[in-house]
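Trainee: Could you put together the complete structure from these sequences and hints?
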Amino acid sequence: MEGLVSIPTLSPEQLSAAREAATRARRVRADFKAKVRSGDVTLSEVLDKAANDEVLAHIKVVDLLKALPRVGDKRAAEIMERLEIAPNRRIRGLGRHQVAGLRAEFDRRS
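Numbering (the UniProt record's numbering), first residue to last: 1 to 110.
Because the hints were derived from the structure by calculation, they are not lab data. Only a predicted model underlies this, so the values are computations on that prediction, with no experimental measurement involved. Certain hints may be false.
[What the hints assert, rightly or not] Once the Cα atoms are required to be at most 30 Å apart in a straight line, the calculated BS3-like pairs of lysine-lysine come out as:
#  : residue 1 : residue 2
1  : K33       : K66
2  : K66       : K49
3  : K49       : K35
4  : K74       : K35
5  : K49       : K33
6  : K33       : K74
7  : K74       : K49
8  : K49       : K60
9  : K60       : K33
10 : K35       : K66
11 : K60       : K74
12 : K35       : K60
Mentor: Here it is in structure tokens:
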């Protein structure tokens, strides 16, 4: 099995830095979803910011939808199915038609 690349071993300092970076990223995503939940940020604003922010781009679409006011598990699943968005899709992985569909869906409601 030639060509296999092994994962490098990280020093304790590198592991600690990686853990801290992951924790910061989770906090940023959680804070952003809280802003969506409170109505301080719209879905369109999230999509715009996520286009240029690597941390926000990793938010799962279903989690983002469920953070919106009046959207729960069932409505989020219906929207994702109708727009042909896979359940495990993250914002970064959305196609332009899916993004346009989400914008149309929630611009209508606001």
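Trainee: Compare the structure with the hints numbered earlier in the document and write down the numbers of the violated ones, lowest to highest.
Mentor: none
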